[in-house]
Amino acid sequence: MTYLIKRVAGAVVVLLVMSFIVFCLQSIIPADPVRAVAGPSAPPETVEAIREQLGIDDPTVVQYGRFLQRLVHGDLGISVRTRRPVAADIWQYLPATLELALVSIVLGAALSGVMALLQFRFMGSTGIRLAIIGIGSTPIFLSALLLAYFFWFRLGWLPGAGRLGFSGFTGPTGFNLIDGILTGRPDVSVDALKHIFLPALALALPIGVAVGRSLNGALHDVLSQAYVRTARGKGLSETSVLLHHGLRNAASAPLSMFSLQVRLLFGGLLVVERVFGWPGLGLYAVQAFASADLPAVLGVAMVFGILYIMVNTLVEISQSLADPRIDL
Amino acid sequence: MTSMPGLNTQPARPRFSWRDFFRRAGWLESIGIVGVPVVTAVALLAPWITPFDPQLRVAAAFQPPSVEHWFGTDEIGRDLFSRVILGVQYTWLPGLILIGFSLFFGSLLGLISGLMGDKVDLVIQRFTDLFLVIPGTLIALAVVASLGPGLVNTMIAIAIFWWPWYARISRDEIRRLKARPHVEAARIAGVRGPRLLLRYLLPGAAPALLIAASLDMANVIMTLSLMSFLGLGLPAPAPELGAMTARTLDSLTVHWWLPILPAAIIFFLCLLTNLAGDGLRAALRGA
Chain A
1 MTYLIKRVAG AVVVLLVMSF IVFCLQSIIP ADPVRAVAGP SAPPETVEAI
51 REQLGIDDPT VVQYGRFLQR LVHGDLGISV RTRRPVAADI WQYLPATLEL
101 ALVSIVLGAA LSGVMALLQF RFMGSTGIRL AIIGIGSTPI FLSALLLAYF
151 FWFRLGWLPG AGRLGFSGFT GPTGFNLIDG ILTGRPDVSV DALKHIFLPA
201 LALALPIGVA VGRSLNGALH DVLSQAYVRT ARGKGLSETS VLLHHGLRNA
251 ASAPLSMFSL QVRLLFGGLL VVERVFGWPG LGLYAVQAFA SADLPAVLGV
301 AMVFGILYIM VNTLVEISQS LADPRIDL
Chain B
1 MTSMPGLNTQ PARPRFSWRD FFRRAGWLES IGIVGVPVVT AVALLAPWIT
51 PFDPQLRVAA AFQPPSVEHW FGTDEIGRDL FSRVILGVQY TWLPGLILIG
101 FSLFFGSLLG LISGLMGDKV DLVIQRFTDL FLVIPGTLIA LAVVASLGPG
151 LVNTMIAIAI FWWPWYARIS RDEIRRLKAR PHVEAARIAG VRGPRLLLRY
201 LLPGAAPALL IAASLDMANV IMTLSLMSFL GLGLPAPAPE LGAMTARTLD
251 SLTVHWWLPI LPAAIIFFLC LLTNLAGDGL RAALRGA
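For the protein sequence lines, the chains are A and B, in the order given.
For the first sequence, position 69 (counting from the first letter as 1) is numbered 69 according to the UniProt record's numbering, and the numbering increases by one without interruption.
For the second sequence, position 104 (counting from the first letter as 1) is numbered 104 according to the UniProt record's numbering, and the numbering increases by one without interruption.
The hints are simulated quantities; they were obtained by calculation from the structure and are not laboratory data.
Being a predicted model, the structure only gives us computed values, none of them experimental.
From the three backbone atoms N, C-alpha and C, an ideal C-beta is built for every residue, glycine too.
Do not take every clue at face value.
As the list claims (entries may be wrong) - If the Cβ cut is set under 10 Å, some of the chain A residues that face chain B in the computed set are: (1) T126; (2) I128; (3) G134; (4) L142; (5) S143; (6) L264; (7) R274; (8) V275; (9) A285; (10) F289; (11) D293; (12) M302; (13) Y308.
As the list claims (entries may be wrong) - Label pairs and their calculated CB-CB ranges: (14) T46(A) <-> E75(B): 47 to 53 Å; (15) I306(A) <-> I97(B): 42 to 48 Å; (16) Y3(A) <-> I160(B): 28 to 34 Å; (17) S291(A) <-> F101(B): 29 to 35 Å.
Model the full structure from these sequences, guided by the hints.
Printed below as a string of structure tokens:
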């Protein structure tokens with residue numbers, strides 16, 4: 001319990017530090033905000049009044065406090081590019097990104113199992129080793145491009161752009177895979193699945209390789225332990241040994257690697273959404289970079305940062321549940 | 001020196017032999033170890049060794065790869081291979097500088113932390129922990145987007161978040177070494193300060209740091225090219241590898257070589273450094 005409180009408190013501290021960095025960044029906008037409101041020819045008294053009103057002369061701590069207050073109320077400013085509140089934009093694009101991220105994570109977990117099995121089966125094979133180093137060395141935009149080029153353009157098996165083949169569909173949750181089923185349109189779900197497969201695979205490949213490698217290493221260590229020999233000696237089947245004695249004890253290192261990879265996913269989302277024209281937060285952020293839309297950039301950074309810290313904290317807590325020896 | 005038969009008066013210090021080193025590293029990994037200095041040379045000499053002027057029109061536009069133009073030509077008719085060679089310079093050298101800085105600064109902080117112990121150690125460790133859990137790449141992206149795109153801004157933003165791993169590794173190594181008998185013996189013999197550090201502690205900590213740095217090079221290159229891909233690097237005419245891919249993304253189905261070949265070079269650079277790191281780890285382990 002104390003562990004849990006410590007973890008959550010740690011996460012809050014990290015969040016505060018991050019929000020302070022974002023606060024500093026948003027206050028270095030080159031243009032003078034007072035002149036922007038007052039106009040270039042305003043008399044000094046008006047300028048003074050607006051300075052007062054905007055609170056520019058207040059101490060930094062007070063300004064930061066106001067910034068936090070706005071943040072808690074979900075006020076992230078107005079986007080320069082779309083001229084809408086950043087929070088509304090983010091709310092609109094978030095489901096697409098979450099859907100892609102979740103499918104990638106599930107696919108990545110499945111792939112890591114396959115990779116670990118392959119490595120376990122063909123131990124020391126140069127081919128497998130080279131494949132692992134190769135996939136680990138591939139920048140995400142290259143794997144995304146190659147997947148799009150072959151499976152969409154060359155073979156025509158899967159669509160290579162967007163979320164859905166038909167327009168005008170909106171569901172209650174924003175997750176097309178689920179909405180299709182909820183609204184009794186299974187064709188929508190199937191189409192959404194086809195669209196999500198390639199971008200999700202591009203994101204899942206590095207997860208699968210890194211976690212699979214770590215899982216394989218951890219399993220090797222655990223299976224040479226004495227208690228595993230005892231379990232085998234008791235006459236337990238190999239599957240039972242693997243599931244009851246192997247996996248749980250080998251989970252710690254691969255879980256760390258998994259959490260690291262999930263955290264790396266945020267950078268990958270920007271790239272993959274750009275390559276596949278996936279209308280999510282990543283694409284929104286890339287467009288914001290291109291048009292120097294600072295409120296939008298910082299808003300997305302803040303939302304991604306919060307998700308990142310949440311993932312981190314959840315993984316740490318689940319690790320301590322899997323392995324009671326871990327304690328702060 | 002007259003030597004007595006059967007008695008070796010030389011101290012038992014194994015000679016370093018390159019053959020032994022490469023044998024331990026493995027043949028595939030040796031290619032990586034040899035490749036790293038070669039790529040560094042190419043990056044340094046890039047402006048002089050490109051077959052064509054990378055900024056000028058030298059042929060018709062959109063020529064596919066051929067014997068004369070290995071990587072084809074781009075939308076203006078510039079030689080893509082020459083531009084990619086120059087792009088290696090824009091990626092590789094900043095990567096080396098970033099790794100060098102992180103290695104130096106992180107190790108220094110780790111050394112201080114490990115040597116001083118107690119309160120200093122605690123403060124530095126908390127500071128390092130904070131930087132380890134903060135979403136560094138995301139904040140670096142936001143920093144560059146706010147300060148304005150550019151290679152220097154990108155490098156500064158990455159450098160701020162890159163050193164903590166090195167601080168962690170060097171601190172753990174120093175603490176491990178401090179308890180070893182040879183360091184204890186040196187201390188009892190009155191060795192102190194810089195001499196203890198340089199002669200007794202650093203040589204022991206160096207292999208772990210070097211291995212970490214060589215395996216980390218691929219991560220730095222990927223992050224740099226990610227920033228460049230997202231348009232946060234140098235502006236348009238500069239041949240940055242990530243940006244070259246991003247700018248020609250829409251021509252994938254018509255002129256596949258324009259986006260794919262620069263990205264493939266990034267893959268090649270990462271593969272080389274990953275192999276070199278694995279080789280170095282195998283060769284230095286136990287040495």
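Hint by hint, here is what the structure shows:
Residue-level restraint check for T126(A) holds (minimum Cβ-Cβ distance to chain B is 7 Å; threshold 10 Å). Because the beta carbon of I128(A) sits about 13 Å from the nearest beta carbon in chain B, more than 10 Å, this interface hint is broken. Interface restraint check for G134(A): the shortest CB-CB distance to chain B comes to about 7 Å, inside 10 Å, so the restraint holds. Evaluation of the L142(A) hint against chain B yields a held restraint, the C-beta minimum of about 4 Å falling below 10 Å.
A cut of 10 Å between beta carbons decides the hint on S143(A): the least distance to chain B is about 9 Å, and the hint holds. Satisfaction of the interface hint for L264(A) is found here, the shortest Cβ-Cβ separation to chain B being roughly 8 Å, below the 10 Å cut-off. Of the supplied interface hints, the one on R274(A) holds, with its beta-carbon coming within about 7 Å of a beta-carbon of chain B, less than 10 Å. For V275(A), the interface hint holds, the least distance from its beta-carbon to any beta-carbon of chain B being 7 Å, beneath 10 Å.
Look at A285(A): its Cβ gets to within about 8 Å of chain B, closer than 10 Å, so that hint holds up. The beta carbon of F289(A) is positioned within 10 Å of a beta carbon in chain B (closest approach about 5 Å), and the interface hint is therefore held. Residue-level restraint check for D293(A) holds (minimum Cβ-Cβ distance to chain B is 9 Å; threshold 10 Å). Restraint check, M302(A) versus chain B: the minimum CB separation of about 9 Å is within 10 Å; hint holds.
Contact between Y308(A) and chain B, as hinted, is supported at the beta carbon level, the nearest pair being about 4 Å apart and thus within 10 Å. For T46(A) paired with E75(B), a C-beta distance near 51 Å keeps the hint of 47 to 53 Å intact. For I306(A) and I97(B), the Cβ-Cβ distance of about 32 Å falls outside the hinted range of 42 to 48 Å, so the restraint is violated. At roughly 30 Å, the beta carbons of Y3(A) and I160(B) sit within the given window of 28 to 34 Å.
Between S291(A) and F101(B) the C-beta distance comes to about 32 Å, which sits within the given range of 29 to 35 Å.
Checked against the numbered hints above, the structure violates hints 2 and 15; every other hint is satisfied.
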